[in-house]
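Enquirer: Sequence:
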Amino acid sequence: MGDLAVGARSGHDEPEDRPANGGIPAEAEGDDDSRSGSTAQKKPRSFWKELPLLVGIALILALLIKTFLVQAFSIPSDSMQNTLQRGDRVLVDKLTPWFGSEPERGEVVVFHDPGGWLEDTVTPEPNAVQKFLSFIGLMPSAEEKDLIKRVIAVGGDTVQCKKNGPVTVNGKALDDKSFIFEGNSACDDEPFGPINVPEGRIWVMGDHRQNSLDSRYHQELPGQGTVSTDEVVGRAIVIAWPVNRWATLPVPSTFDQPGLNAAAAVAPAALGVAGALPLVFWRRRRLTSGRTAG
Numbered sequence: 001m002g003d004l005a006v007g008a009r010s011g012h013d014e015p016e017d018r019p020a021n022g023g024i025p026a027e028a029e030g031d032d033d034s035r036s037g038s039t040a041q042k043k044p045r046s047f048w049k050e051l052p053l054l055v056g057i058a059l060i061l062a063l064l065i066k067t068f069l070v071q072a073f074s075i076p077s078d079s080m081q082n083t084l085q086r087g088d089r090v091l092v093d094k095l096t097p098w099f100g101s102e103p104e105r106g107e108v109v110v111f112h113d114p115g116g117w118l119e120d121t122v123t124p125e126p127n128a129v130q131k132f133l134s135f136i137g138l139m140p141s142a143e144e145k146d147l148i149k150r151v152i153a154v155g156g157d158t159v160q161c162k163k164n165g166p167v168t169v170n171g172k173a174l175d176d177k178s179f180i181f182e183g184n185s186a187c188d189d190e191p192f193g194p195i196n197v198p199e200g201r202i203w204v205m206g207d208h209r210q211n212s213l214d215s216r217y218h219q220e221l222p223g224q225g226t227v228s229t230d231e232v233v234g235r236a237i238v239i240a241w242p243v244n245r246w247a248t249l250p251v252p253s254t255f256d257q258p259g260l261n262a263a264a265a266v267a268p269a270a271l272g273v274a275g276a277l278p279l280v281f282w283r284r285r286r287l288t289s290g291r292t293a294g
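Each residue of the sequence shown is one higher than the last, beginning at 1 in full-length UniProt numbering.
Honestly, the hints are just simulated from the structure, not real lab data. Even glycine gets a Cβ: it sits at the ideal position worked out from N, Cα and C. Just so you know, not all the hints are guaranteed correct.
[Unchecked claim] With beta-carbon atoms standing in for the labels, derived distance ranges:
1) 119 with 183: 23 to 31 Å
2) 113 with 46: 43 to 51 Å
3) 115 with 54: 20 to 28 Å
4) 57 with 250: 19 to 27 Å
5) 210 with 100: 56 to 64 Å
6) 244 with 220: 22 to 30 Å
7) 101 with 162: 47 to 55 Å
8) 200 with 242: 18 to 26 Å
9) 116 with 87: 20 to 28 Å
10) 221 with 77: 13 to 21 Å
[What the hints assert, rightly or not] When the alpha-carbon atoms are kept at most 20 Å apart in a straight line, the in silico SDA-like pairs for lysine to any residue are as follows:
11) 163 with 184
12) 163 with 177
13) 94 with 228
14) 177 with 156
15) 145 with 118
16) 177 with 252
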């Protein structure tokens, strides 16, 4: 007992009940030392014990990315050749629609079947692995019926295409040679229009015009061939697989040509003229009355 008492003392001739370290009891100080010593000697957790936690975090991140950011989709047909080939994997931007952005002319978009477009398409039954990979966003869902086409016209546009002629939007001809399948015509297999696209809807066409059952072929359905923007999953932004096909999917320059928004541009001008007319008539009336009085 004498040895223990000496060990707890500071070495000065002071009363036993006085703290040796400025207020912290010696017994507590010794407890802290023993705890820190045990912590220092504690072994790190095994990798195999950490693995389930890491996998869980990865799955949560994958689900969040799939739901809010990007998702992979597989190209099942030749309707978008040569821009997209059968078997390509594209990444679709799902983020911007959350901020109110709507599809624009020239973009390649993925959208849910508006109803009746894929009614004759047989959906293969996925296996357990495919279901899991599609659930976390590493593979497209085999159970959902989605399509991929190019936006040609948006709400408020007038679009049409006569046989042997180009597709026109608001009276402006589109130069589609840079993106439609080589040897295809603009719409000779199915001329259409003029179609007035309602607000909140889009008119879509495949780049392989003679092998695409697009808006032209569904005009008898509700929406007259147009697709609601609410059905749009997002814009395809890049070909991610196979590696030798990697490429971005920009908007062709023909959709940026001056005057394509002619309808929107004319409206302010018309309002300006309408507003100026009363001023002109008022001024003419003043001049006329002045001459009569003189």
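Enquirer: Indicate, hint by hint, whether the structure satisfies it.
Expert: Quick rundown of the hints versus the structure:
1. 119 with 183: 23 to 31 Å: 30 Å, holds
2. 113 with 46: 43 to 51 Å: 49 Å, holds
3. 115 with 54: 20 to 28 Å: At 42 Å between Cβs, range violated.
4. 57 with 250: 19 to 27 Å: Between residue 57 and residue 250, where Cβ atoms are some 35 Å apart, the hint is violated.
5. 210 with 100: 56 to 64 Å: 36 Å, violated
6. 244 with 220: 22 to 30 Å: 41 Å, violated
7. 101 with 162: 47 to 55 Å: 33 Å, violated
8. 200 with 242: 18 to 26 Å: Violated, at about 36 Å.
9. 116 with 87: 20 to 28 Å: Given range 20 to 28 Å: holds, Cβ gap about 26 Å.
10. 221 with 77: 13 to 21 Å: About 19 Å separates the Cβ atoms of residue 221 and residue 77, which means 13 to 21 Å holds.
11. 163 with 184: 12 Å, holds
12. 163 with 177: Holds, at roughly 16 Å.
13. 94 with 228: With Cα atoms ~16 Å apart, residue 94 and residue 228 stay inside 20 Å; holds.
14. 177 with 156: Measuring from Cα to Cα gives roughly 25 Å; hence the hint is violated.
15. 145 with 118: 7 Å, holds
16. 177 with 252: Distance of about 10 Å is within 20 Å: holds.
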